[in-house]
Amino acid sequence: MRDIFRQSKMWHTPSKLKDNYEVVIIGGGSHGLATAYYLTKHHGIKDICILEKNYIGAGASGRNTTILRSNYKTPEGARFYDASVKLYENLSKDLQFNLMFSQRGHLTLGHTDRAMFVMHERAEVNRLVGIDTKVVDADEVQRMVPAMQVTDEAEYPIMGALYHPPGGIIRHDAVVWGYARGADRGGAEIHPNSEVTAIHKDGDKVTGVTVNGNQRVNGQTVLSATAGWSSILSEMAGFELPITTHILQAFVTEPVKPILDKVIVSSQMHVYVSQTDRGEFLIGSEIEPWTTYRMNGTLNFLQESTRHALELFPQLERARMLRSWAGLCDLSPDYSPILGKTEVENFLVSTGWGTYGFKAAPIVGVTLAELIATGKTPDLIKPFEVERFYTDELVSELGAAAVSH
Numbered sequence: 015m016r017d018i019f020r021q022s023k024m025w026h027t028p029s030k031l032k033d034n035y036e037v038v039i040i041g042g043g044s045h046g047l048a049t050a051y052y053l054t055k056h057h058g059i060k061d062i063c064i065l066e067k068n069y070i071g072a073g074a075s076g077r078n079t080t081i082l083r084s085n086y087k088t089p090e091g092a093r094f095y096d097a098s099v100k101l102y103e104n105l106s107k108d109l110q111f112n113l114m115f116s117q118r119g120h121l122t123l124g125h126t127d128r129a130m131f132v133m134h135e136r137a138e139v140n141r142l143v144g145i146d147t148k149v150v151d152a153d154e155v156q157r158m159v160p161a162m163q164v165t166d167e168a169e170y171p172i173m174g175a176l177y178h179p180p181g182g183i184i185r186h187d188a189v190v191w192g193y194a195r196g197a198d199r200g201g202a203e204i205h206p207n208s209e210v211t212a213i214h215k216d217g218d219k220v221t222g223v224t225v226n227g228n229q230r231v232n233g234q235t236v237l238s239a240t241a242g243w244s245s246i247l248s249e250m251a252g253f254e255l256p257i258t259t260h261i262l263q264a265f266v267t268e269p270v271k272p273i274l275d276k277v278i279v280s281s282q283m284h285v286y287v288s289q290t291d292r293g294e295f296l297i298g299s300e301i302e303p304w305t306t307y308r309m310n311g312t313l314n315f316l317q318e319s320t321r322h323a324l325e326l327f328p329q330l331e332r333a334r335m336l337r338s339w340a341g342l343c344d345l346s347p348d349y350s351p352i353l354g355k356t357e358v359e360n361f362l363v364s365t366g367w368g369t370y371g372f373k374a375a376p377i378v379g380v381t382l383a384e385l386i387a388t389g390k391t392p393d394l395i396k397p398f399e400v401e402r403f404y405t406d407e408l409v410s411e412l413g414a415a416a417v418s419h
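So the mapping is simple: my numbering equals the position in the sequence shown, first residue as 1, plus 14.
Don't read these hints as lab results, they were simulated from the structure. Warning: the hint list may mix true and false statements.
As the list claims (entries may be wrong) - Each computed BS3-like pair below joins lysine-lysine, with the alpha-carbon atoms no more than 25 Å apart:
no.: 1; residue 1: Lys148; residue 2: Lys23
no.: 2; residue 1: Lys55; residue 2: Lys23
no.: 3; residue 1: Lys390; residue 2: Lys355
no.: 4; residue 1: Lys100; residue 2: Lys67
Said to hold, decoys possible - Restraint ranges, calculated between C-beta atoms of paired labels, are given here:
no.: 5; residue 1: Phe131; residue 2: Glu407; range: 25 to 31 Å
no.: 6; residue 1: His56; residue 2: Gly311; range: 37 to 43 Å
no.: 7; residue 1: Glu407; residue 2: Glu103; range: 28 to 34 Å
no.: 8; residue 1: Gly227; residue 2: Arg118; range: 44 to 50 Å
no.: 9; residue 1: His57; residue 2: Pro328; range: 33 to 39 Å
no.: 10; residue 1: Arg321; residue 2: Asp216; range: 54 to 60 Å
no.: 11; residue 1: Lys30; residue 2: Gln234; range: 19 to 25 Å
no.: 12; residue 1: His57; residue 2: Glu103; range: 20 to 26 Å
no.: 13; residue 1: Lys396; residue 2: Glu209; range: 30 to 36 Å
From the three backbone atoms N, C-alpha and C, an ideal C-beta is built for every residue, glycine too.
Modelling step: build the complete structure from the supplied sequences, incorporating the hints.
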């Protein structure tokens, strides 16, 4: 009888690592787990180990702010993220796990004539690639979000917004758990508390890794899917990635009455706001300008993000903060990801995501699984290969991804 109420584990952890695997994935977040899941599901590759130095979902996948969208500035970015949102729409059914996806709509506020001009430009780019995005005026914004203060007399008057109906929020922990369970059921091995401390090469080819300083694990293909730690791993592999690592902070209030059923973003105010199904207000800001690996919060973030959130929603004045946190963001020079092959044979990367990697998890998994299985780079991710920085073929999302949510 005592076992009736004991929760079963969603995935199991083997007692020890094998010496050899077909695929070694570094990073137990949404990208690494999704890649393993689609390798097992689409390509029948099961000899996979996922190495996570902490617990599963301990990094950026468990610290993001759950927002999904695809209304990016470049055609390459818009197509890529649109494919990901479409996968998210059916992911609960695919994983047989409730991910609590709420496609409530995403509003990027415009406060100046220049901002509104750029929004019209983005809306046209989105329209040309088939993405549902349009510019709405201040009256329409007020109609959509009656609780928000829309006035010409504010420090940042709201002149209109870029409205993206497919955008929304999803439970990030559930995405991680669902992919982990799916990968495990497909035959992949998940190893938490397994830190990669060295990467081994034979000439210009990666052959394996050392785990926790004492165990050699060989792999025919090694994928680095470690967000802010990617530059450290690439250095182990003998080359440099054009990546800087920053922190992103957020906090939630105590649960309050439901008043917001949209995602609100303001790049000029450096704030974004959404309300969870439990009633908590989730409030965040842009990445901090300094580079660091320390995930410490700052008082300045709390003061500034609170001030701007209250300008939009003054009724939160008496709401109490429940908790705050920070996570690491890996930022590329053009604010677009770095995906796929590198100058080192058999060593693949998923990095450079800034604050928008969680949005891309499903399509990253699908495309990297295809690359690993076939050796051919899918067309959808060719624009994001690292060699673009040497051929001056940048995919600049600066402006669409600065506060980015």
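Can you list which hints this structure breaks, lowest number first?
Those not satisfied are hints 1, 4 and 9.
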